[in-house]
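**Student:** Please model the entire structure based on the sequences and the hints provided.
In terms of our numbering, the sequence shown opens at residue 4 and continues consecutively.
Since the hints were derived computationally from the structure, they do not count as laboratory data. Please read these numbers as outputs of a predicted model, since none were measured by experiment. A hint or two may mislead.
Simulated pairs of lysine-lysine, DSS-like, Cα-Cα distance not exceeding 30 Å [said to hold, decoys possible]:
no.: 1; residue 1: Lys84; residue 2: Lys302
no.: 2; residue 1: Lys200; residue 2: Lys87
no.: 3; residue 1: Lys179; residue 2: Lys161
no.: 4; residue 1: Lys287; residue 2: Lys276
no.: 5; residue 1: Lys179; residue 2: Lys151
no.: 6; residue 1: Lys102; residue 2: Lys161
no.: 7; residue 1: Lys175; residue 2: Lys200
no.: 8; residue 1: Lys161; residue 2: Lys77
no.: 9; residue 1: Lys340; residue 2: Lys190
no.: 10; residue 1: Lys79; residue 2: Lys179
no.: 11; residue 1: Lys87; residue 2: Lys302
no.: 12; residue 1: Lys340; residue 2: Lys175
no.: 13; residue 1: Lys87; residue 2: Lys161
no.: 14; residue 1: Lys200; residue 2: Lys340
no.: 15; residue 1: Lys79; residue 2: Lys151
no.: 16; residue 1: Lys102; residue 2: Lys175
no.: 17; residue 1: Lys278; residue 2: Lys340
no.: 18; residue 1: Lys151; residue 2: Lys87
no.: 19; residue 1: Lys175; residue 2: Lys151
no.: 20; residue 1: Lys77; residue 2: Lys102
no.: 21; residue 1: Lys278; residue 2: Lys200
no.: 22; residue 1: Lys86; residue 2: Lys161
no.: 23; residue 1: Lys79; residue 2: Lys102
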Amino acid sequence: MNANAIIRASSPFFQKYVLSPGMPAKRHLAMMLLGLCFTAPLLANEVLRIESQAAEYSAQIYIQEEEKGSVPEKEKENDQKRKKLGIGETVILTLVSDKPQLIGDPSQIEWTIEEGENLASFQEEDNSVIQTLVIRNDLSQGGDITVKAVTEEGREAKITLSAIVPEGISAKHLRKSYDRNHPDFNKRGVIYFDLPKDGDQEMAGASAVLELTFLPISVNFRNVHIIERDKGCVPAPAEGSLAAPHDPNPAPVRLDTKNRLSDNIGCREPIAKLKFYDLPQTHKWICDWNINVDGKDVKTIQTVEQHFFYDWIDVVNEIATTTVSKFNCSVSRSTEKNNKHVFINQSK
Numbered sequence: 004m005n006a007n008a009i010i011r012a013s014s015p016f017f018q019k020y021v022l023s024p025g026m027p028a029k030r031h032l033a034m035m036l037l038g039l040c041f042t043a044p045l046l047a048n049e050v051l052r053i054e055s056q057a058a059e060y061s062a063q064i065y066i067q068e069e070e071k072g073s074v075p076e077k078e079k080e081n082d083q084k085r086k087k088l089g090i091g092e093t094v095i096l097t098l099v100s101d102k103p104q105l106i107g108d109p110s111q112i113e114w115t116i117e118e119g120e121n122l123a124s125f126q127e128e129d130n131s132v133i134q135t136l137v138i139r140n141d142l143s144q145g146g147d148i149t150v151k152a153v154t155e156e157g158r159e160a161k162i163t164l165s166a167i168v169p170e171g172i173s174a175k176h177l178r179k180s181y182d183r184n185h186p187d188f189n190k191r192g193v194i195y196f197d198l199p200k201d202g203d204q205e206m207a208g209a210s211a212v213l214e215l216t217f218l219p220i221s222v223n224f225r226n227v228h229i230i231e232r233d234k235g236c237v238p239a240p241a242e243g244s245l246a247a248p249h250d251p252n253p254a255p256v257r258l259d260t261k262n263r264l265s266d267n268i269g270c271r272e273p274i275a276k277l278k279f280y281d282l283p284q285t286h287k288w289i290c291d292w293n294i295n296v297d298g299k300d301v302k303t304i305q306t307v308e309q310h311f312f313y314d315w316i317d318v319v320n321e322i323a324t325t326t327v328s329k330f331n332c333s334v335s336r337s338t339e340k341n342n343k344h345v346f347i348n349q350s351k
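**Tutor:** Structure follows, in structure tokens:
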């Protein structure tokens with residue numbers, strides 16, 4: 004169709020008010036297209052939209068509640084509208100319109116996943132204004148998910164979400180108390196119950212319970228299970244060495260709403276045994292932290308080393324010191340009289 008034909012078929016509005024008889028056809032066409040550009044928002048299908056509401060708050064909201072006691076309801080409401088979702092999360096999608104009559108018969112609405120079909124699925128295939136989308140929890144890589152809703156009259160709306168997988172781990176010593184009114188709330192450093200206590204002079208060793216947080220905290224990973232896998236000891240256990248095999252928890256652990264789990268570090272050796280070894284000595288365990296689904300590891304999030312150090316403070320009086328470190332946390336203890344564990348959090 005040439006320019007004159009387009010002009011003849013154009014809207015009477017443009018014929019009467021925008022275009023003048025003396026104007027060349029090509030200029031008529033340019034003016035008409037310019038007018039359409041400015042009126043496009045009115046003609047586009049912007050009266051329909053898809054709103055999203057995550058079933059869980061992000062880990063950051065729960066962490067803020069722990070630290071501050073409460074989070075404003077508006078902030079929590081906005082958090083649930085986030086477009087980034089952790090693997091395993093559920094999100095409620097709702098087709099809405101400023102003109103409800105444009106939605107038509109809710110039972111005729113068709114929902115489809117246009118992009119990222121391998122990342123998520125609908126919980127049910129029922130047609131209605133509300134649809135539930137579940138992000139797969141066995142993903143090794145995230146990506147974008149575009150969902151489209153189409154009404155019985157062909158009107159459509161789209162929304163794009165992002166599936167996020169754990170990308171790293173941060174660590175702190177465990178709080179002495181999680182009661183905000185307790186004087187130890189802001190103090191960190193807890194020993195593992197089955198390893199030497201403060202004051203023990205017969206047993207060398209030190210321990211700590213670490214609070215691991217799986218990142219990012221801007222999403223929720225509470226439906227993700229994590230397992231620690233042994234990757235060897237360096238140097239390998241041998242005669243004259245204190246190095247020993249690593250035996251991590253064989254069961255996957257589900258993350259909590261703060262994307263957290265606890266990790267125990269530590270060691271022990273009787274003083275009576277240490278005197279037969281040349282000190283100082285060091286060794287390390289190497290381990291992978293993996294996402295585990297139904298007994299199968301699907302992704303390694305981070306490889307970590309746990310370091311052990313033994314030395315004599317006073318070999319004649321058989322006073323030893325031990326340091327254990329993992330992530331950015333360390334704990335030390337000697338066998339001196341009135342000894343205590345010393346907990347250190349080092350910045351990365």
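**Student:** Evaluate each hint against the coordinates.
**Tutor:** These are the hints, each one checked on the structure:
Restraint check for Lys84 and Lys302: the C-alpha separation of about 28 Å stays at or below 30 Å, so the hint holds. Between Lys200 and Lys87 the CA atoms are separated by roughly 44 Å; this puts the pair beyond 30 Å, and the hint is violated. Taken as a hint, the Lys179 and Lys161 pair is broken in the structure, with Cα atoms around 48 Å apart against an allowance of 30 Å. Between Lys287 and Lys276 the CA atoms are separated by roughly 20 Å; this keeps the pair inside 30 Å, and the hint holds.
For the proposed pair Lys179 and Lys151, the alpha carbon gap of about 49 Å is over 30 Å, so the pair is violated. Restraint check for Lys102 and Lys161: satisfied, since their Cα atoms lie roughly 17 Å apart, inside the 30 Å limit. With a C-alpha separation of about 20 Å, the suggested pair Lys175 and Lys200 falls inside the 30 Å cut-off, and the hint holds. Taking the CA atoms of Lys161 and Lys77, the gap is about 25 Å. The hint holds against a cut of 30 Å.
For a cut-off of 30 Å, the pair hint linking Lys340 to Lys190 stands: about 24 Å separates their Cα positions. This hinted pair checks out: Lys79 and Lys179 have alpha carbons roughly 28 Å apart, not beyond 30 Å. At most 30 Å may separate the alpha-carbon atoms for a hinted pair to count; Lys87 and Lys302 meet this at roughly 20 Å. As the CA atoms of Lys340 and Lys175 are separated by approximately 28 Å, the hinted pair is consistent with the 30 Å bound.
For the suggested pair Lys87 and Lys161, the alpha carbons sit about 16 Å apart, so the restraint of at most 30 Å is met. About 12 Å separates the Cα atoms of Lys200 and Lys340, which keeps this hinted pair within 30 Å; it holds. Distance check on the hinted pair: Lys79 and Lys151 sit about 26 Å apart at the alpha-carbon level, within 30 Å; holds. Taking the CA atoms of Lys102 and Lys175, the gap is about 51 Å. The hint is violated against a cut of 30 Å.
For the hint pairing Lys278 with Lys340, the CA-to-CA distance comes to about 18 Å; that is within 30 Å, so the pair holds. Proximity of Lys151 to Lys87 is assessed by CA-CA distance (about 17 Å); at most 30 Å being required, the pair is judged to hold. A threshold of 30 Å between alpha carbons decides the hint, and for Lys175 with Lys151 the separation of about 42 Å lies outside it, so the pair is violated. Our distance criterion of 30 Å between C-alpha atoms is met by Lys77 and Lys102, whose separation comes to about 26 Å.
Simply put, Lys278 and Lys200 have alpha-carbon atoms about 21 Å apart, close enough for the 30 Å limit, and the pair holds. Restraint check: the Cα-Cα separation between Lys86 and Lys161 comes to about 13 Å, which is no more than 30 Å; the hinted pair holds. Restraint check: the Cα-Cα separation between Lys79 and Lys102 comes to about 28 Å, which is no more than 30 Å; the hinted pair holds.
In summary, the structure is inconsistent with hints 2, 3, 5, 16 and 19 from the numbered list given earlier, while agreeing with the others.
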